[in-house]
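Each residue of the sequence shown is one higher than the one before, counting from 49 in the numbering used here.
It should be emphasised that the hints constitute simulated quantities derived from the structure, not laboratory data. Positions of the beta carbon are idealized from the N, C-alpha and C atoms, including for glycine. Among the clues, some could well be false.
Label pairs and their in silico Cβ distance ranges [stated by the list, open to error]:
| no. | residue 1 | residue 2 | range |
| --- | --- | --- | --- |
| 1 | T289 | S83 | 44 to 52 Å |
| 2 | E82 | A282 | 42 to 50 Å |
| 3 | G284 | G208 | 38 to 46 Å |
| 4 | Q75 | G283 | 33 to 41 Å |
| 5 | E266 | G208 | 24 to 32 Å |
| 6 | P233 | T56 | 34 to 42 Å |
| 7 | T247 | S218 | 20 to 28 Å |
| 8 | D244 | A80 | 28 to 36 Å |
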Amino acid sequence: MTTADLHTLTGAYSVHALPDAEREEFQRHLGACESCTQEVRELSATAAKLGLASALTPPPALRERVLAEIANVRQEPPQVPRSHRRSGGGSSGRVRRLPRFALAASIAAAAALGGVSVWQYQLAQDAQERAAQAEQRGETIARVLAAEDARVAVGELPDGASGSVVVSRSEDRAAFFASGMPEAPQGKVYQLWFSDHGTMRPAGLMESGERTGAVLMEGPVGDATGMGITVEPAGGSEQPTSEPVALMELPA
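Using the sequences and the hints, build the whole thing.
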């Protein structure tokens, strides 16, 4: 492959879409090409932010709850324009009293809709918090990728998947990029670890949607010399409870 051909692979490399042979050749090219290195950093930062975007899915119970509450609320009669109302009977200027059943229905409607409104407000608050956290993670990943001392290590994962870890010692953070990882077994989750000279330290969980994409490893890199991935019970573990499915050395 010519040097001109290699220059065109920055995008595919940034999203881990190169075959093994081309990826290895391109990595050797990166060591001698500053322009490609800079372009990979910028493209990887953009891909990381896109990979962290998430859509909010309302809980399945919301539809049933809203329908149940609507069934308990009386529909209001159609509004009649004031100009079309009859003026006879001496009713002009009077305040008409609502029948008791209508008043009760109004109170029930207010209570039901109030409950839905509170739930929707909490849902919106949770969504805003998750969006803010995702944005913060994306910005941190972007800083790691753009750091002058950013280094990349690439490893093979089970079932033909691939992964790479980008480390910045100046930022003291690391980001893991996975491609094609199989779904964790039922009731299990992938957990990331820093290896401090053989002692494993928790570094966060991989959510189901992160089996392909970017994951900001939790906590500082510190003196870690490697990282690992294990399959753990939902919620994660303080120490690995299974053999690692992958082990990688961190770049110095």
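Structure-based check of all given hints:
1. T289 / S83: 44 to 52 Å: 46 Å, holds
2. E82 / A282: 42 to 50 Å: Given a distance of about 44 Å, which is inside 42 to 50 Å, the answer is holds.
3. G284 / G208: 38 to 46 Å: 25 Å, violated
4. Q75 / G283: 33 to 41 Å: Hint holds: Cβ distance 36 Å, inside 33 to 41 Å.
5. E266 / G208: 24 to 32 Å: 27 Å, holds
6. P233 / T56: 34 to 42 Å: 40 Å, holds
7. T247 / S218: 20 to 28 Å: About 24 Å separates the Cβ atoms of T247 and S218, which means 20 to 28 Å holds.
8. D244 / A80: 28 to 36 Å: Roughly 33 Å apart at Cβ, these two residues keep to the hinted range, so it holds.
Violation of the numbered hints given earlier is confined to hint 3; every other hint is satisfied by the structure.
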